[in-house]
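4 protein chains.
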Amino acid sequence: MLYFRNDYQVGCIPEIMKALEANNSNIYMPHGQDVECQKAKDVLQSKMPDVHIDVHFVSGGTIANATIFKAILKPYEAVIACKTAHIATREAGAIEATGHKVIIVDDNDGKITPAAIEKTFNQHMLGYGMMVYPKAVFISNATEMGTIYSEDELHAIHDKCKELGLYLILDGERLGVTLMSGVGYTLNDIAKLCDIFTIGISKNGGLFGSAIVITNPELEDGFPFVMKQTGAIMAKSWLIGLQFQVLFQDDTFYQLAKHEDELSIQLQNALHNLGYPLLMKAYTNQVFPILTNEQFEYLSERVDFDIWDEWEGQYIIRLVTGFTTTQQDINDLCEVLKETAKIKLKK
Amino acid sequence: MLYFRNDYQVGCIPEIMKALEANNSNIYMPHGQDVECQKAKDVLQSKMPDVHIDVHFVSGGTIANATIFKAILKPYEAVIACKTAHIATREAGAIEATGHKVIIVDDNDGKITPAAIEKTFNQHMLGYGMMVYPKAVFISNATEMGTIYSEDELHAIHDKCKELGLYLILDGERLGVTLMSGVGYTLNDIAKLCDIFTIGISKNGGLFGSAIVITNPELEDGFPFVMKQTGAIMAKSWLIGLQFQVLFQDDTFYQLAKHEDELSIQLQNALHNLGYPLLMKAYTNQVFPILTNEQFEYLSERVDFDIWDEWEGQYIIRLVTGFTTTQQDINDLCEVLKETAKIKLKK
Amino acid sequence: MLYFRNDYQVGCIPEIMKALEANNSNIYMPHGQDVECQKAKDVLQSKMPDVHIDVHFVSGGTIANATIFKAILKPYEAVIACKTAHIATREAGAIEATGHKVIIVDDNDGKITPAAIEKTFNQHMLGYGMMVYPKAVFISNATEMGTIYSEDELHAIHDKCKELGLYLILDGERLGVTLMSGVGYTLNDIAKLCDIFTIGISKNGGLFGSAIVITNPELEDGFPFVMKQTGAIMAKSWLIGLQFQVLFQDDTFYQLAKHEDELSIQLQNALHNLGYPLLMKAYTNQVFPILTNEQFEYLSERVDFDIWDEWEGQYIIRLVTGFTTTQQDINDLCEVLKETAKIKLKK
Amino acid sequence: MLYFRNDYQVGCIPEIMKALEANNSNIYMPHGQDVECQKAKDVLQSKMPDVHIDVHFVSGGTIANATIFKAILKPYEAVIACKTAHIATREAGAIEATGHKVIIVDDNDGKITPAAIEKTFNQHMLGYGMMVYPKAVFISNATEMGTIYSEDELHAIHDKCKELGLYLILDGERLGVTLMSGVGYTLNDIAKLCDIFTIGISKNGGLFGSAIVITNPELEDGFPFVMKQTGAIMAKSWLIGLQFQVLFQDDTFYQLAKHEDELSIQLQNALHNLGYPLLMKAYTNQVFPILTNEQFEYLSERVDFDIWDEWEGQYIIRLVTGFTTTQQDINDLCEVLKETAKIKLKK
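For the record, the sequence lines run as chains A, B, C and D.
Following numbering that gives the first Met the number 0, the numbering of the first sequence begins with 0 at its first residue and continues without gaps.
Following numbering that gives the first Met the number 0, the numbering of the second sequence begins with 0 at its first residue and continues without gaps.
Following numbering that gives the first Met the number 0, the numbering of the third sequence begins with 0 at its first residue and continues without gaps.
Following numbering that gives the first Met the number 0, the numbering of the fourth sequence begins with 0 at its first residue and continues without gaps.
Extracted from the complex, chain A is given alone in its bound form (with noise of 0.2 Å):
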């Protein structure tokens, strides 16, 4: 069997397994108040000199948005998102959970327009006091599609969101392919972009966590006590801190990215050459193929993945490179994948 159901599979790298295991005995203040945190929030700065960060380190992906969304909107405030935000699909109503509303709206391939967000903000002054106020935008970045917003969108959606005054949330769990697609910005550049934003470690490297970089100190306010509130603070945060240390200081966190942008994008254009439809054309490390019945079938019993969606009997498929998928791996499942595609050619 191949696998190549998703992006955290597997543990961490073994730079980090080895640091954990360097530093395991030693003591350390709990709730994020250690060192390893604040090493890592140094790194964190580092890579972003042109913005003052305030740095929260947390277990995963939905907490930190359901955290971040309870922490800076009021009880009538409301988050823009489009249908395929992972806050309006995957989290189970966590958002709504905390009392909000997520608003969708139109996008194009997973991402957000500035005319999408403004068209709804209007609507919603139409009803001002009667309708919730819509006060964040939420992108993720890459997207749940694998496409990216360009440096372009994002700051027209950034200068869209400042005249409207709307807070820019950028969710990061996969925001390290995204930075190496040749995209052409820099988590520098994100940061003076977003007023939050999330990096995630566990698609990338890490065993878990990820960082809740707000830039925006207005919003810094009362953050800690949210995020105890939410269960998001865990007792041993150092752990978390001292994963990001390992990833940034010496750009490992980059050159894993890299790697699985690379395989994808040979994964990619093997699809293309072999004949099967995409669903679109992907830019980061997730790829998805359009088969039939009888070639998901042999392809199901061959190699692990994920289902995106069906209808009419055709399937959308998922195939994700994460950072230890080889050259090999990729070598392999195309050699299935041509077998898989005769299938097509056989009705």
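I should point out that these hints are in silico values taken from the structure, not numbers from a laboratory.
Model, not experiment: these values are computed from the prediction.
Check before you lean on any hint, since a few could be wrong.
Each pair may be met inside one copy or between any two copies, as identical chains are not told apart.
[Claimed, not checked] In silico DSSO-like links for lysine-lysine, alpha-carbon gap of 27 Å or less:
1) 257 <-> 191
2) 159 <-> 38
3) 159 <-> 134
4) 257 <-> 337
5) 341 <-> 46
6) 38 <-> 257
7) 280 <-> 337
8) 118 <-> 82
9) 17 <-> 337
10) 118 <-> 191
11) 159 <-> 82
12) 118 <-> 337
13) 134 <-> 161
14) 38 <-> 73
15) 191 <-> 134
16) 46 <-> 191
17) 280 <-> 17
18) 73 <-> 134
19) 191 <-> 337
20) 46 <-> 159
21) 73 <-> 337
22) 118 <-> 46
For this one, chain A is given, so just place chains B, C and D on it according to the hints.
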């Protein structure tokens, strides 16, 4: 100025005011445990002989909806509605404030279809355990657009809900004008098709108040507790029970609604004959003509109405007939509309 | 049967019923944007000349409290109250349902002291970041026990709140009988001491309704949004505004309250002279005599009242005077109580 | 500096670190559907042969508690706890944030009695429909005060809960040191007495993680959905499952706990012999001596510890033994304490 802004811009019918005055010195038990609420329940039950009903009286529609979904949904369960649904728009996020997602599905002129319900249900089953669980369907009848569900449509939605294990909840803030619009079904039929529905009177002869009618006995347990918690129980609930008695013991409720419908159809025909485009064909007491900028300005100075939407220099406005609207009011309005229509021609 | 169960067992004073009838056919803007609410605000403002007030009218006390704390507290902030406070008992967890903890502190006969506030505040500061942050103090005046805060006590609490940065919120569902009990302070004084307070009329001449008076301008922003979300805004809010006008333009509110107090003091004196133990000395319109089992049974057949608590074969009952209670009612009750008192002697 | 601040100030036992490293490259299913979590459940089930258990692994104690009460309580239901309970203090209102009241009852040294449960239950029944409905009892074992419930006490609470229809929920973040303190009951007994309980490992040999053990089958339904919603499910849950296997397959969990208890008892005896007053007699790994101001200052410079409370110039401090505390650490601490004790004498 002519007043067509909404159907709750005046108080109540004189019979209700008289009843309130006549019973004003009576001593009543508080919080809905009084004889007037009991009598009102009995009257309502007599209108729905085929179904055992549990009834609670609350002050209005938003708190009715918030209380219903808070009471019947588990934390991870959600309600399906369309994008123009009151709970999705003009309740300022009241449902999300109770922790539950409102899942938006496609609609036809404000009406949900069984196909849309099934499609979104299946998508959520694909993400079982990760996404919210759709457990209820919310429809308004009449809808916010003034459209109504036919008996066949209601049966089809009811059957689909039963098939998928979903509760069917009907917002009846404008149920009177619906039942009198020639649909061919009755309160008793509604009771057979829905798990919970509301009957609003503040738009149909009453001062204020909604009845929450529970027909699914599984949903009765604990409901009064949740009402207490949301602040939905009025100390002097007898005020609402008495109003329901007056409106339902002699079918006054229906006569008022019929009056509203008839004047509204007259108005719609006049608009059509004057060449106004209409957002959609109305069946109840709301009409949505589309005006140019110049028409809008001219009419605004002579008639009090609500703006529904605006784009590209056009205005969709809402004209509503109420239980105190007279034939003379309609005649006067039609005169003004005739003048207004000419403005377009001049251009 | 004599009725002393509560002070909201009848409708309203005739003047209010007349005003409702007289204005029943007027056309009003909805949701509190009408002229009657504006006039009512002006009348209330005239009673509190030293403070600029923002006023909102809602249907009752529970929804007023839930809306206030939802509006003013951040997710991790909590409100301090005593164990008999309405928000801590008879609101079915309405405050917690908005996500906020009610921190219970010791009280004297239903009254909180500055020392109790400071002690619990300091304990929470020791757990800063781990415990909720106390941000508001909730007091009722009169309390649920019928006791009242003296002017000195109010000043002391106010000063302590200012010192610690806490909002002082006063529940005035029985503010009328408080101000008329000889305390020596006025509505204007209350406005100077509290950040937000309520004025209830359903227990003092009105059909229903509470005014939420905001004196701290920092707490005004967004308040109507939260009201909409909790369902606290009535479509025909003018009904409440009109009642407040009637009650406050000619000091009727105060005369009714004075009447309630006077009859209650008579009743308390009679109880004392008849040898009944009292739970505590009352100052307003609620009296809490303690009865034996036999007395309880005898009185239950002749008088309608509420049970406050029971232990060891004794009953604490509550006798309440209302604005329609007459001197004859009190005389009749005293006769019954005289007979009831003998039961103990017989044993 | 000697470190006695808490029992989670270091990482994990070497055996766990080795197991993590050994399995780091394995491919696992995400979100707790992996083989390590399944094996861990099997090991735990083997320790509780008399009860069928359902087990979920989460990252920590606060999120475990918030998830449990969100999952099992209806909106108007509440949980009974004592004032020192973790959910009542150091979780920043996490339970209230899910909408539920924590009802505080009297305790003896952190322990609840059946009499206190019954008294508060009955008071709430007097206010049935007006007050929250108490539906669960929360106890910690060991308590936050280091005290433990005897087997008789647990049975009595269990019986009272059964009689009143209440769920019994036990917080077992320090369950290891409880079971090894000579109480005479086992994990299997706990499983028979509680509806849900937790087992924490971050204070007893593990890096992080808690097991939520559900023994009442009625409470299983929908639990994973709520976990997803609160963000309690880690992507790589196998990390926790593996730790539980290591700790429970060879009774390492118990040996570590026994070690902590033994050193703590030594420490307590030393404190007693040195004349320190103790807040209460400890049975597990936490000791609470009371120091004067001068002693506090002297000790602070030599030992790292937590402040529990302070009043009138006295400090209650907490000294905690952990699984890495050595006999030498205790000896060194006792030496310092001997010097510290003299400070009082000098004065």
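Practice task
Please flag the earlier hints that this structure goes against, numbers listed from lowest up.
Solution key: 2, 5, 9, 12, 14, 17, 19, 21 and 22
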